[in-house]
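There are 2 protein chains.
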Amino acid sequence: MLIVKKFGGTSVGNKERIFNVARRCIEDYRKGNDIVVVLSAMGKSTDELIELARDINPSPSKREMDMLLTTGEQVSVSLMAMAMGFMGVPAISLNAFQVAMHTTHRYGNARLKRIDTDRIRNELEQRKIVIVTGFQGVDKYDNITTLGRGGSDTTAVALAAALHADACEIYTDVDGVYTADPRYVKNARKLDEITYDEMLELSTLGAGVLHNRSVEMAKKYGVQLVVRSSLNENEGTIVREEINMEKMLVSGVAVDKNATRIAVIGLKDEPGVAFRLFNALAKYNINIDIILQSVGRDGTKDISFTVEEDVADEAVTIIQKCFPKSDYKKIDEEKDVAKLSIVGAGMSSNPGVAASMFEAMYDCGVNIKMISTSEIRVTVLIDEKHTEKAMNAVHDKFSLAD
Amino acid sequence: MLIVKKFGGTSVGNKERIFNVARRCIEDYRKGNDIVVVLSAMGKSTDELIELARDINPSPSKREMDMLLTTGEQVSVSLMAMAMGFMGVPAISLNAFQVAMHTTHRYGNARLKRIDTDRIRNELEQRKIVIVTGFQGVDKYDNITTLGRGGSDTTAVALAAALHADACEIYTDVDGVYTADPRYVKNARKLDEITYDEMLELSTLGAGVLHNRSVEMAKKYGVQLVVRSSLNENEGTIVREEINMEKMLVSGVAVDKNATRIAVIGLKDEPGVAFRLFNALAKYNINIDIILQSVGRDGTKDISFTVEEDVADEAVTIIQKCFPKSDYKKIDEEKDVAKLSIVGAGMSSNPGVAASMFEAMYDCGVNIKMISTSEIRVTVLIDEKHTEKAMNAVHDKFSLAD
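Taken in order, these protein sequences are the chains called A and B.
Following the working numbering from start to finish, the first sequence increments by one per residue and tops out at 402.
Following the working numbering from start to finish, the second sequence increments by one per residue and tops out at 402.
Read the hints as simulated data drawn from the structure, not as lab findings.
Treat the hints loosely; a few may be bogus.
Derived pair list, reagent style EDC-like, types lysine to aspartate or glutamate, alpha-carbon separation capped at 16 Å [to be verified]:
{"id": "1", "chain 1": "A", "residue 1": "K15", "chain 2": "B", "residue 2": "E51"}
{"id": "2", "chain 1": "B", "residue 1": "K128", "chain 2": "B", "residue 2": "E27"}
{"id": "3", "chain 1": "A", "residue 1": "K330", "chain 2": "A", "residue 2": "D269"}
{"id": "4", "chain 1": "B", "residue 1": "K330", "chain 2": "B", "residue 2": "D302"}
{"id": "5", "chain 1": "B", "residue 1": "K15", "chain 2": "A", "residue 2": "E51"}
{"id": "6", "chain 1": "A", "residue 1": "K335", "chain 2": "A", "residue 2": "D269"}
{"id": "7", "chain 1": "B", "residue 1": "K15", "chain 2": "A", "residue 2": "E334"}
{"id": "8", "chain 1": "B", "residue 1": "K257", "chain 2": "B", "residue 2": "D289"}
{"id": "9", "chain 1": "A", "residue 1": "K15", "chain 2": "B", "residue 2": "E27"}
{"id": "10", "chain 1": "A", "residue 1": "K301", "chain 2": "A", "residue 2": "E270"}
{"id": "11", "chain 1": "A", "residue 1": "K397", "chain 2": "A", "residue 2": "E375"}
{"id": "12", "chain 1": "B", "residue 1": "K15", "chain 2": "A", "residue 2": "D55"}
{"id": "13", "chain 1": "A", "residue 1": "K257", "chain 2": "A", "residue 2": "D363"}
{"id": "14", "chain 1": "B", "residue 1": "K335", "chain 2": "B", "residue 2": "E359"}
{"id": "15", "chain 1": "A", "residue 1": "K62", "chain 2": "A", "residue 2": "E51"}
{"id": "16", "chain 1": "B", "residue 1": "K330", "chain 2": "B", "residue 2": "D298"}
{"id": "17", "chain 1": "A", "residue 1": "K389", "chain 2": "A", "residue 2": "E51"}
{"id": "18", "chain 1": "B", "residue 1": "K219", "chain 2": "B", "residue 2": "D166"}
{"id": "19", "chain 1": "A", "residue 1": "K301", "chain 2": "A", "residue 2": "D269"}
{"id": "20", "chain 1": "B", "residue 1": "K140", "chain 2": "A", "residue 2": "D118"}
{"id": "21", "chain 1": "A", "residue 1": "K15", "chain 2": "B", "residue 2": "E48"}
{"id": "22", "chain 1": "A", "residue 1": "K140", "chain 2": "B", "residue 2": "D118"}
{"id": "23", "chain 1": "B", "residue 1": "K335", "chain 2": "B", "residue 2": "D310"}
{"id": "24", "chain 1": "A", "residue 1": "K268", "chain 2": "A", "residue 2": "E334"}
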């Protein structure tokens, strides 16, 4: 078997943890498997490098930031190779150049284009464990790039796809994917399996043990993922296309508190208003989530939508620039809101799921501010202070603990 | 003018120093010059990385050490590019891959083979300051290598040669090359000029502001070097082939305390003994310095030689393995010795220089244990405790302060 294993920064945060990861990889290696390991930078080292940079230049060139940050993973992989060497197993570290990981040249947020597998295959044939820097790539001019958030997961999935790996294991600090965040829902249960689409909805909703880019890539190339803990031997959660059991009506409950509701009140009710509004926001790369349009009084309408909290003020400014003051009455901004979602692949063929969710909200006395749905998801916007109560109500309603 | 400037680790040890270096480079840039900067890793960062590695594995793979250590220069160059960016000057950092610096594959001590200049020239044409990682290279399989001691100086000289630079400035924490170490000789004087050969003798003798590898390369490719301080604007010392003034009889006095004298006493006086002895030491890469052979009593001879202190014990062990105990009487090891040398290009055409040196030793009552000479150098081995007295005596004898 060829297994790609990815470990995050906390998993390689110190000497003991590095040896712990080495031990886990060597166990599988000794069973005769080929092992490719993808690592992030150690613990807080990326944050420290960012601080170092900001101290020199508050808005440094993105190219130079990538040049700086990618040293972090190079330190991790070389130390890991030394640890494995100490344990008597031949290992070799490779950075993005050496692999090579070809990306676009968008610094800080590059996309993988192509991975050469010759070098890795060559090293595997010599029975070495191959340790690859996550998160990084090179553009066609040999500039160093980084893949942005969730980059190391993406590296692992892309390598698994390119190498036609038999398994891609994403190690994290939790046991797998849960029916709800165990910090808020006491009887949350770990899922054995989940589909790509469910995982995508969950990761987009901030329940993210996996970044959606990596899940999308896994789905596209049919890479079966396993999300499991680097701290224990538990089985973890398998992410794949078809799941063995009957499709779960609802797999999990997810919450995203990083949302702000913006309402533009009293807009002139004429064609093209919504287009102008959302086109302006799109130009500034502001992602819109739930949208609600309601007819107001006196030939006006109200448009509400949610955005991520940290771009909310920018969004308001853009709207003020886009529309003359006379075109609308006022703009409301509400930050203390949370998006509560249920996700389940079985939902699409089962009417009434959304209604059950609304009923759960009613039962626990939580007001619904906005609603959004997809094929396999129902999302409601509620007051942030009711998050925990609402989560538990929904979790119970769909008997997710059983 | 195209100027290559090299700054060591202490010169970029913190934010203030990084900006100091940036400022000096920008001054010359603004005069219309093309600037290529070569940097070492910041301050003690290489030592910290070595410690990190040794904690994981006391004898790590050399390949992985190079992979680890080269992150240090990459941090320096990216931060420098950010500092220059902050000061409003376009700058770009390049690592060994990006340049590319082709080397042999001898990890930890690779030799430069070829430098591509296209990328650097291209960036210079866009009026960018180009900042290159010192000390590192890549072998033909894309493995990362390091150049060993004095590596960053070598990178700078090699770049100056490959780019046909008009000047190669080596910045250090001293003002230039002195007639003697100012810590021991109060009236030591900074030299304005010195020849490659003199500099080679001095650096080999441990007076090393420059590593001999870089001086040899500068001589070979006719790269004129300037050694100067990164802390002030003083002129520094020019290192070149021909010097303008009449050749100095003696340019400077150098001392190397890192020497041990080993004497093999009572060796059988038969052909091939010296060959066997030094051949065995050469096999283990032990460099021999001064050699003295004297006829002993009863058909035996004594062979004495000096080696660097840290390999002295190993050298003794090798001799014990190489010769059966019956072939010699005993082996003496004397560690408290120092090599005192005078160096001067004018010496070769002036008889009597060596005699004057011996006279100086006699005048100050210092016993000479061994003597070695080259065309432009006279070295004596003395007791280490007499170093300072002997240095000053020689410095005065040749009126080096004038």
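These are the hints, each one checked on the structure:
no., hint, in the structure
1, A:K15 x B:E51, "12 Å, holds"
2, B:K128 x B:E27, "14 Å, holds"
3, A:K330 x A:D269, "15 Å, holds"
4, B:K330 x B:D302, "10 Å, holds"
5, B:K15 x A:E51, "12 Å, holds"
6, A:K335 x A:D269, "27 Å, violated"
7, B:K15 x A:E334, "41 Å, violated"
8, B:K257 x B:D289, "13 Å, holds"
9, A:K15 x B:E27, "45 Å, violated"
10, A:K301 x A:E270, "9 Å, holds"
11, A:K397 x A:E375, "20 Å, violated"
12, B:K15 x A:D55, "8 Å, holds"
13, A:K257 x A:D363, "22 Å, violated"
14, B:K335 x B:E359, "25 Å, violated"
15, A:K62 x A:E51, "14 Å, holds"
16, B:K330 x B:D298, "15 Å, holds"
17, A:K389 x A:E51, "38 Å, violated"
18, B:K219 x B:D166, "15 Å, holds"
19, A:K301 x A:D269, "6 Å, holds"
20, B:K140 x A:D118, "15 Å, holds"
21, A:K15 x B:E48, "14 Å, holds"
22, A:K140 x B:D118, "15 Å, holds"
23, B:K335 x B:D310, "10 Å, holds"
24, A:K268 x A:E334, "22 Å, violated"
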